[in-house]
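Just so you know, we're using my numbering here: the sequence shown kicks off at 133 and counts up by one.
The set of hints was computed from the structure by calculation and includes no laboratory data. Backbone N, C-alpha and C define an ideal beta-carbon position, used for all residues, glycine too. Check before you lean on any hint, since a few could be wrong.
Stated by the list, open to error - Computed list of lysine-lysine pairs in DSSO-like fashion (alpha-carbon distance at most 27 angstroms, straight line): (1) K236 with K173; (2) K236 with K136; (3) K220 with K173; (4) K136 with K151; (5) K236 with K220; (6) K151 with K173; (7) K136 with K173.
Claimed, not checked - Here are the in silico distance ranges between beta carbons for each label pair: (8) K220 with S183: 13 to 21 angstroms; (9) N158 with E211: 20 to 28 angstroms; (10) V238 with A194: 17 to 25 angstroms; (11) E211 with S183: 22 to 30 angstroms.
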Amino acid sequence: MLVKLTDVGFEWYGRVLFKGFTEVINPGDRVGLLGRNGSGKTTLLRLIHGSLEPTEGEIERAGHLRIGFHEQIQSSERELSVWEAVRKDLTGEDADRTTRSLLKGVGFD
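Could you build all of it, start to finish, from the sequences and the hints given here?
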């Protein structure tokens with residue numbers, strides 16, 4: 133188990149985005165989120181990441197888990213390729229290899 137969400141809910145200024153969400157993400161799982169604008173997709177990712185806390189329920193993360201999170205594209209990044217957008221946040225001599233690995237992991241060849 134990498135992440136376990138149990139009866140997770142999130143409310144923002146009195147608006148319930150979702151409630152009662154339960155899911156387990158295991159090693160090797162691929163997760164996709166589909167929904168209308170404003171339905172809570174990014175909020176759910178922020179909850180999983182830990183940059184937001186749920187208003188109800190519980191989120192457990194494996195102790196060794198490191199979650200990378202890239203905010204939605206800012207206007208200054210609209211002209212960047214996918215490679216450039218991912219690579220710009222990485223440093224060190226393995227940055228190109230890490231970029232290639234990250235992109236391959238989500239289906240880019």
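Verification of the hints:
{"no.": "1", "hint": "K236 with K173", "result": "holds (23 angstroms)"}
{"no.": "2", "hint": "K236 with K136", "result": "holds (25 angstroms)"}
{"no.": "3", "hint": "K220 with K173", "result": "holds (24 angstroms)"}
{"no.": "4", "hint": "K136 with K151", "result": "holds (15 angstroms)"}
{"no.": "5", "hint": "K236 with K220", "result": "holds (17 angstroms)"}
{"no.": "6", "hint": "K151 with K173", "result": "holds (13 angstroms)"}
{"no.": "7", "hint": "K136 with K173", "result": "holds (17 angstroms)"}
{"no.": "8", "hint": "K220 with S183: 13 to 21 angstroms", "result": "holds (20 angstroms)"}
{"no.": "9", "hint": "N158 with E211: 20 to 28 angstroms", "result": "violated (37 angstroms)"}
{"no.": "10", "hint": "V238 with A194: 17 to 25 angstroms", "result": "holds (20 angstroms)"}
{"no.": "11", "hint": "E211 with S183: 22 to 30 angstroms", "result": "holds (26 angstroms)"}
Hint 9 alone, counting from the list given before, is not met by this structure.
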